[in-house]
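**Q** Since the structure of chain A is provided, determine the placement of chain B on it from the hints.
These protein sequences, in sequence, are chains A and B. Numbering-wise (my numbering), the first sequence opens with residue 8 and increments by one. Numbering-wise (my numbering), the second sequence opens with residue 8 and increments by one.
Keep in mind that the hints were calculated from the coordinates and are not lab data. Model, not experiment: these values are computed from the prediction. A couple of the hints might just be wrong.
Where chains are identical, the list cannot tell them apart; a pair therefore holds if satisfied intra-copy or between any two copies.
As the list claims (entries may be wrong) - In silico DMTMM-like pairs for lysine to aspartate or glutamate, Cα to Cα no more than 25 Å straight-line:
(1) 162 <-> 284
(2) 79 <-> 288
(3) 285 <-> 139
(4) 289 <-> 83
(5) 73 <-> 288
(6) 285 <-> 259
(7) 91 <-> 125
(8) 207 <-> 72
(9) 145 <-> 172
(10) 151 <-> 228
(11) 289 <-> 347
(12) 318 <-> 52
(13) 162 <-> 172
(14) 285 <-> 83
Protein chains: 2
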Amino acid sequence: MNRISRFKRIIEEKGIKNFLVSSPISIYYLTGFPPTTEAYLLYTENDGFELHVTEIDYLEAKNFEKNFTVIKSPLELTISDHMKRRLEKIKEEIFLEYSHLSHFLFNKFFNYNNVKCENGDGLITSMREVKDASEIEKITKAVKITEKGILTAQKNICEGKAELEIAAETEYEMRRNGAEWFAFESLIVAGVRSANPHAKSTMNKLNKGDLVIVDIGCRYEGYCADITRTFTVGEADTRQRELYNLVREAQEHAIEKIKPGVKASYIDLTAREYLREKGYDKYFIHTLGHGLGLETHEAPSISFRNNSDIKQGSVVTIEPGVYIPGWGGIRIEDIIVVDEGKPRVLTNLPKAI
Amino acid sequence: MNRISRFKRIIEEKGIKNFLVSSPISIYYLTGFPPTTEAYLLYTENDGFELHVTEIDYLEAKNFEKNFTVIKSPLELTISDHMKRRLEKIKEEIFLEYSHLSHFLFNKFFNYNNVKCENGDGLITSMREVKDASEIEKITKAVKITEKGILTAQKNICEGKAELEIAAETEYEMRRNGAEWFAFESLIVAGVRSANPHAKSTMNKLNKGDLVIVDIGCRYEGYCADITRTFTVGEADTRQRELYNLVREAQEHAIEKIKPGVKASYIDLTAREYLREKGYDKYFIHTLGHGLGLETHEAPSISFRNNSDIKQGSVVTIEPGVYIPGWGGIRIEDIIVVDEGKPRVLTNLPKAI
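For reference, chain A alone in the conformation it holds in the complex (with noise of 0.2 Å):
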């Protein structure tokens, strides 16, 4: 069964008649078409899924409609003016995703009469934190083409090279490999701002001795890739090393966890108790993990703070850290399919320092 039909069955199932879908994700995943303006899917009792596009994206959207009906907001109205016309046709209770939708288009379209609001935000993020085959599929596609990406910077890094310039190889091979677009911004940061997560690349010039991250993924048919790697430039010293063998272990620990039905927080303590027993844990600065598909960041949270079981067909990332001021910083991160008997790990880069 197709993904609108699932998502109807679902809605029906809860006796809900009406539900407006404003993130343009999820609207991407049930209908397959990727708005690149505003867009808005809304399901009625009456009229059955209906996706409003701006004019820019009609005509694409049209070779997409299957299940639903695809309506043009006319040039002369916004999207948001057009919808509001549309939505005070509903008298009924409406479900919205109200995590992806502002408060400002929420009074726009709601305030003015009685219809009554509820939160349908888990709905539809619960179907995708469970990918089917072509879904990891093309998530192993992703990964193939940014480990591409990791190895050009692995040989890109040399004393007196950019980190941006390290990026632009990176990106370029990833491009000619097939990448639809990034899946984030790149990160290679190199030395002690390497102690800081989510630093920014820059036209600093590597240094023999140095710390260096490379965070990067590119999407592949909508789908993310999210992989780190830490190298040194030239051979590493001994408490490199030491470190960085022991984020490795911490995160070896915590894979060797990953099955359905087990908490979310037990997979990040067990690396972040690991850590803890060496002393570390207070660099580990960061939760262990996220889900990855359509979105980089996605359910589940690989978090101390998420106590909710996850599940087969889940896809999420395992990163750890060590991030020490004045020093630098460590993470490696791979990314795993949740699987009866054992964690699949989609990544195949080696992991030696």
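**A** Just chain B now, kept in the frame of chain A:
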């Protein structure tokens, strides 16, 4: 006077006692710090400005601490839980960015008590609409790098080359020349697919006679460029040449009208009427342009629907196009500073087809 102090003066003049800034771009504009994860800038009459960030952003944000206090959201809490606790202390009215706060967070932060919420959407947007000299300098630099990308695309346009291969070359050129990142997904589209203004680049190969739209932009120190040129593979035929000149003339007429105090709608209608006289307005299916700055699309919208006056110091794109289904599309886009006397065109590329 720095921006955050100017903002403080504006809200004091309006008698605003509390203001929550939730858009990362507004935070970047006011503080100089670009958040990489969820962040909030809170102003209260008692405590002044507080920048609340996650642990990931904390160290970097501290480097920008000036006229505001950086507060770290502890790892134990999500930053939205942390903010909820902070916002509970506010008992009077608070102004919010309704367009940049999800309805979910609005409910989470404010629905529990009787604090009165007001929409403060326009305040920072209006400040950003008028650029100072340092902002125009950064946009100019982004334009110069992007122009190198356009020239690289032009050099690479030939029979048999794929759209994505050309995109890879242009992005590589922009990054090696210091582009911090891209302002948007590069759009290099050939043949009849160019009739879709937002089509995606593919591995499709160029054919002799194809129209090729190249719409690219990089970011430099936060500021965006956005330039479009249309080329042909080999010599242009008569109709391609005619329509190209028509779009170019429409653009020239519109640019001539740009000066402070003129309505944005008048500029859009100048180009639209010119195309109407020749019978092509029905193929011009979007608005004429948009403001450009920290975001690729920001105020002022150069649309027939926008009757506001444009202001001295705004930077806008002017990008008429014709899109004929089954034939192809032509668009030309330049970047202009609104200035007394004559509009200042920042782009310097030739415009012959």
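**Q** In ascending order, which of the hints set out earlier in this document are inconsistent with the structure?
**A** 1, 3, 5, 11, 12
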